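Peer 1: Residue numbers (my numbering), protein chains in the order written: chain B, 1 to 227; chain X, 1001 to 1227; chain S, 2001 to 2299; chain C, 3001 to 3299.
For the record, the hints were derived by calculation from the structure and aren't laboratory data.
Here the structure is a predicted model, which means the values were calculated and not measured.
Glycine is no exception: its CB is placed at the ideal position from the N, C-alpha and C atoms.
Incorrect hints may appear among the rest.
Chain S regions said to be covered by chain C (calculated; three or more residues, Cβ under 8 Å) [stated by the list, open to error]:
no., stretch
1, 2115-2122
2, 2187-2193
3, 2236-2249
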Amino acid sequence: MIRFENVAKTYKEGTVVALEACSTEIQKGEFVFLVGSSGSGKTTFLKLVLRDEMPDSGKIWVAGKQIGKLSHWKVPYLRRNIGCVFQDFRLLPNRTVHENVAFALEVIGRPRHVISAQVPQVLELVGLLKKKDRYPDELSGGEQQRVAIARAFVNRPLVLLADEPTGNLDPGTTRGIMRLLDRINKTGTTVVMATHDFVIVDSMRRRVVELSQGRVIRDQVRGIYGY
Amino acid sequence: MIRFENVAKTYKEGTVVALEACSTEIQKGEFVFLVGSSGSGKTTFLKLVLRDEMPDSGKIWVAGKQIGKLSHWKVPYLRRNIGCVFQDFRLLPNRTVHENVAFALEVIGRPRHVISAQVPQVLELVGLLKKKDRYPDELSGGEQQRVAIARAFVNRPLVLLADEPTGNLDPGTTRGIMRLLDRINKTGTTVVMATHDFVIVDSMRRRVVELSQGRVIRDQVRGIYGY
Amino acid sequence: MAISVEYVVKETTNNLWRNWMVSLAAVVTVALSLSFVGVALLFRQEVDNATARWQSGVTLAIFMNSSVTSLSNPQAKAVEDQLANMSQVSRATFCGQNCAYREYRGMFRGDPTMESAITNPSQLPVSFRIKLKHAAQAGSVGSVFTNQPGVQAIEYAKGEVEQLLKISSFLQVASLVAASALLVSSVVLILNSIRLAIFARRKEVEVMKLVGATNWFIRVPFMAEGLIQGLVGALIGCGLTSFFVSEFRKLIAQNNIKLLQPMTASAGEEVVVYILLLIFGSLVGAGGSAIALRRFLDV
Amino acid sequence: MAISVEYVVKETTNNLWRNWMVSLAAVVTVALSLSFVGVALLFRQEVDNATARWQSGVTLAIFMNSSVTSLSNPQAKAVEDQLANMSQVSRATFCGQNCAYREYRGMFRGDPTMESAITNPSQLPVSFRIKLKHAAQAGSVGSVFTNQPGVQAIEYAKGEVEQLLKISSFLQVASLVAASALLVSSVVLILNSIRLAIFARRKEVEVMKLVGATNWFIRVPFMAEGLIQGLVGALIGCGLTSFFVSEFRKLIAQNNIKLLQPMTASAGEEVVVYILLLIFGSLVGAGGSAIALRRFLDV
Ligand SMILES: Nc1ncnc2c1ncn2[C@@H]1O[C@H](COP(=O)(O)OP(=O)(O)OP(=O)(O)O)[C@@H](O)[C@H]1O
Ligand SMILES: Nc1ncnc2c1ncn2[C@@H]1O[C@H](COP(=O)(O)OP(=O)(O)OP(=O)(O)O)[C@@H](O)[C@H]1O
Ligand SMILES: [Mg+2]
Ligand SMILES: [Mg+2]
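Extracted from the complex, chain B is given alone in its bound form:
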């Protein structure tokens, strides 16, 4: 599903190295934790998958396509196969829960009947159907993150990327989010999650890819956060 081959990425004209000779492969349906200390390149890794950044060298395949060769106007269509969740939710404050999720379908031109069918379904999945008319600031942090996940998932993407989705949340809420991601993974969606939360990583025992200074230094099938 995702394959990195010797990918290097620098910022600021090569002065800041974010990734260096990074190679790894993630299969369809896997659940992968991306760990590593601050600045090790986790966010860069995710941005490259999303083609939000371009690699300096090396090749990246996502969903069977080498995305370095993708022409500019095809990028949006790549992104429709990838869902994204961030630590800071990125919800639109002036739209309700329902509208936030529907927005993701509207802007890719889905017809209205598809939207009104799919949105309640995914809100049901994240357990927020009852709160669909609330605005983001009327929700707890965990609920907001679930809306963000619903938005990322409503288009049934092949891959779900999550960059520290529980960084702002208390331990109870964090467990709720992890259960939800687990459920989404069980529907067949590949999940890649960057995190610092060793408690989660250690308890879930999924595949762990550790980055350090832009290189993969560990790849463990049922791994833990530290060694």
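We have chain B already, so just place chains X, S and C with the ligands on it with the hints.
Peer 2: Coordinates of chains X, S and C with the ligands only, in the frame set by chain B:
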């Protein structure tokens, strides 16, 4: 140093209750963890101390002054006694480490010789004297947070408020930040830190104030995160 | 991918509404600057028309002494023959005392001093009115007759026409300079209003990019915003132009300002000016959007 | 708390520089709009001066029949006596045939038709030139003499003066309307440039507030920005006004446009206009800043 007496605070014309009948007192030199689930009112508590928000009812004393009675133009002088650190650092990206810290002194009108004396001193304290000419994006997350702490502390405030200062950081970096806050606390500065990180709270064993739905539901001298 | 019209209308309206102050300022500035352009263009057209009439008349007049009262006078005959033989002259007509009296009456109708001054055609001098092939030759043709017996004076029809042309070209240059400075301001204002719209919607744009909206889908509402501002400004500019010009004409007609009376433009000429203004307006709008999208919208 | 001048200068320069396009547009618009105001004001002053001269002359003239050639004529005497007894009349002078001839020569100097038309004072009618206490009473005074024996016509000194006044007031209204619309745009542009500066520095402002900078410390650089834009705009506006007015005068002088020749303003009057423009400029700048600070700077 800080005293809340029956403080209530709502948002959006009273429809969202953030704090309700909240009373507590924090003495000079204490180190207090503010815990509670998402939306329990921790950030609101800190904003009230900073007089960034005004309470709907109740009284708040900070450094001996009842801040509800403070006239508008005196607020800046109150804030000079309070240092602030946030999860997202809030550094100025186009200024170096040294300039970021010096900025805090410049804008309150400190003369140049005071600035050139105090900034290196506090950078020494946070261990960043050697990196004083770097820009924020040339630093790791932990280093950036230490710059933020240096900026909050350079004016030797009586109180240091920290809102989830380790939310973005990996466990190793988190421990570094906590040691630094501990050292600052030992200089006599009162530290109030809102956090979700139960590992830290449980290992430091300091006073813990737990909020739930805007009320203080626990106040433990050498507390832990949960019960 | 099709972009629904409904979506574009909704988003564009929102954008315009959110920063109505800037949108308004942009529209006002476009309108003003285009009305300057419009007035300048129409004025030019009218002055062209007016001076064309003058030019169809006489470019040079030779006034004879009061002793010469008709063409039968040999001095007049001599002038007439000379004129007939000059290749520069396209047409020469004789204006006898009756012709002069008619002209005089027309010029000073309603002015008692002047009316009572001349009560008889015999008080006025006769003259030749000459049309030249090239107006620039007026001087050389005139000089031939300067010292001719019986010739009292040579008058060149430059005075009023030239004054009119000079004042109008001065006003035109001034208003076109003002218009171009204002057009720059218009572009900046439109650019700004779009920049503010982009900024106000930066979170939405970010989400749109994340979930795979196409670049055109993101751009179109902002482009529509600029275009609408430019076009609305141009429409108001057309209105202002037509209002100003018609008020000016009314003023001239009411006050019998003779020099300016022949100034008119046909409906067709006006329409051409208005179409030009609309084209300018959309160019300004599109230009402003293009710069704003390029500089501030990273898609 | 003292705010260091150096700090304000540095920050203001930065702000202006960062959004130079908007700053420039703001300055240009202020300059243009104030130059409209300036030209309108100076023009008004000049027209006032010009018509004051006219008004110091005659507001009403009574022309007698050609049979009346001097004051000794009883019909003329009758008119003179009546005028002497009217309280509305401030001064009445008799203009005999020599006076009329002098006036006529002066009016039509260099025009052969007219010069040759009247070669003798006896060809011209005599008249009374009347200065009234209030110009508005011209109609009522004139009507008294309409059917009086020996009176040929009553002429009101309205013709040219009134045309000049009407055209100039039309142009003034038009330019003041344009100026006020532009002033609105100027305020919005200044407001916008400050809003963008505030936005560009929102992080710094946030940090400033956190560490206890006083509100004025935060505000002053933004206010200075607006004031500078307004003042620079006003200065350029003064330059444009003076340029336009002097070019216009040159044009009139070169072309001998008689009607407009008496239009001048003293240096003192010009300076007053320029000071007014500078005051307007700073008001516009301060107004723009005030709105921007109030709406977009939360301190
Ligand atoms: N836009 C950017 N410009 C310059 N340098 C950047 C940029 N983004 C990231 N970097 C640098 O690239 C390196 C890798 O950053 P990245 O954000 O991928 O790390 P990370 O593993 O996500 O860290 P964290 O745990 O703090 O989120 C760091 O040194 C960082 O400073
Ligand atoms: N600016 C605001 N407008 C409206 N509601 C707000 C605002 N800020 C906070 N709230 C609401 O007030 C309540 C308390 O919020 P607060 O940010 O203090 O909680 P918190 O304990 O800091 O939560 P977290 O752990 O998620 O940071 C929440 O219900 C929140 O939605
Ligand atoms: Mg990251
Ligand atoms: Mg909080």
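Peer 1: Each of the hints needs a verdict: does it hold here or not?
Peer 2: Results for each hint:
no., hint, verdict
1, 2115-2122, "holds (count 3)"
2, 2187-2193, "holds (count 4)"
3, 2236-2249, "holds (count 3)"
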